[in-house]
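All chains should be built: construct the whole structure from the sequences, respecting the hints.
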Amino acid sequence: MKKTIKSIFISSGVVLAVTLYLFLAANTAVAADPVLKVGATAGPFAQILEAVKPVLAEDGVELEIIEFSDYVTPNLALEDGSLDANTFQHIPYFERFTSDRDLDLVSVAKTIIIPIAIYSDKYESLSELPAGSTIAIPNDPTNGGRALLLFEKAGLIELDESAGISATIMDITSNPKNLEFHEVEAAQTARVIPDVAAAAVNSNYALELGMNPREDSIYIEDEDSPYVCIVAVRPEDKNDPLIEKFIAAYQSETVRNFINEKFNGSVIPAF
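According to mature numbering (1 follows the signal peptide of the UniProt record, and there is no 0), the stretch in the sequence shown is residues -31 to -1, 1 to 240, in order.
Just so you know, these hints were derived from the structure itself, not from any lab.
The beta carbon of each residue, even a glycine, is placed where N, CA and C say it ideally should be.
A portion of the hints provided could be inaccurate.
Estimated spans, in silico, between C-beta atoms of each pair [to be verified]: (1) Lys146 with Glu31: 18 to 28 angstroms; (2) Asp71 with Asn147: 31 to 41 angstroms; (3) Gly101 with Glu154: 20 to 30 angstroms; (4) Ala100 with Asn229: 32 to 42 angstroms; (5) Gly179 with Ser96: 23 to 33 angstroms; (6) Ile138 with Glu64: 48 to 58 angstroms; (7) Glu33 with Lys91: 40 to 50 angstroms; (8) Glu19 with Leu45: 18 to 28 angstroms; (9) Ala26 with Arg183: 27 to 37 angstroms; (10) Asn229 with Gly101: 36 to 46 angstroms.
Below, the structure is given as structure tokens:
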């Protein structure tokens, strides 16, 4: 009988220990910081998120940064729930892409302006471009139109007034130098500079190759550009407390100072 009682006590102790372990494990899981998955393309967008990460951690949220190498996948990943938010695109691109793909996404905050600029390793100014020069511009509709508008502002071409930000090569109404515009993937515009007379390059790709838009370009977009980048989310998450904390962290003074110091005017806070 004594052995049986002893066995009962031992069994009870094991059960108690297991129960205590499960309780502690469960409470540890509950205590862990919630994770927010945010997508961004490599370069300034992802670098800025690295600066946001510790600020957001102070508010009890872990930021998981998902990097992409193209402009298409981040919105598709957000739509299918793989991401909670993304920060890689400006408003005209966002509006065009979501409309064309019939995606239900919304913009909830402004982040930065990354000006597009024209580069050349052969000429020091646009006025030096010879007649018939080959010019590289991004091949996506929004950034392609943005590049053409920049060449128009520089006085090299004229575009149909009705085209607006959606201008394409077909909308060129005047081209005195007979410039030949060659469309390439946005990520490749910086890499083809040696092969063309000039190229319009989004600054995130220029910075990846060590080029500073302020110092190395021969013509740059104005700081009052309408191409403001944004935070995009699914409609049901626009008032989510985690998203609100993320926006507050992104638009903090700490992150503003990081942007100004890190990019020296080639990336501009829009908040």
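Okay, the hints, checked on the actual structure:
1. Lys146 with Glu31: 18 to 28 angstroms: violated, 53 angstroms
2. Asp71 with Asn147: 31 to 41 angstroms: holds, 39 angstroms
3. Gly101 with Glu154: 20 to 30 angstroms: holds, 24 angstroms
4. Ala100 with Asn229: 32 to 42 angstroms: At 41 angstroms between Cβs, range holds.
5. Gly179 with Ser96: 23 to 33 angstroms: Holds, at about 26 angstroms.
6. Ile138 with Glu64: 48 to 58 angstroms: violated, 21 angstroms
7. Glu33 with Lys91: 40 to 50 angstroms: holds, 43 angstroms
8. Glu19 with Leu45: 18 to 28 angstroms: Holds - the Cβ-Cβ distance for glutamate 19 and leucine 45, about 24 angstroms, lies within 18 to 28 angstroms.
9. Ala26 with Arg183: 27 to 37 angstroms: Holds - the Cβ-Cβ distance for alanine 26 and arginine 183, about 32 angstroms, lies within 27 to 37 angstroms.
10. Asn229 with Gly101: 36 to 46 angstroms: holds, 41 angstroms
Comparing the model with each earlier hint shows violations of hints 1 and 6; every other hint is respected.
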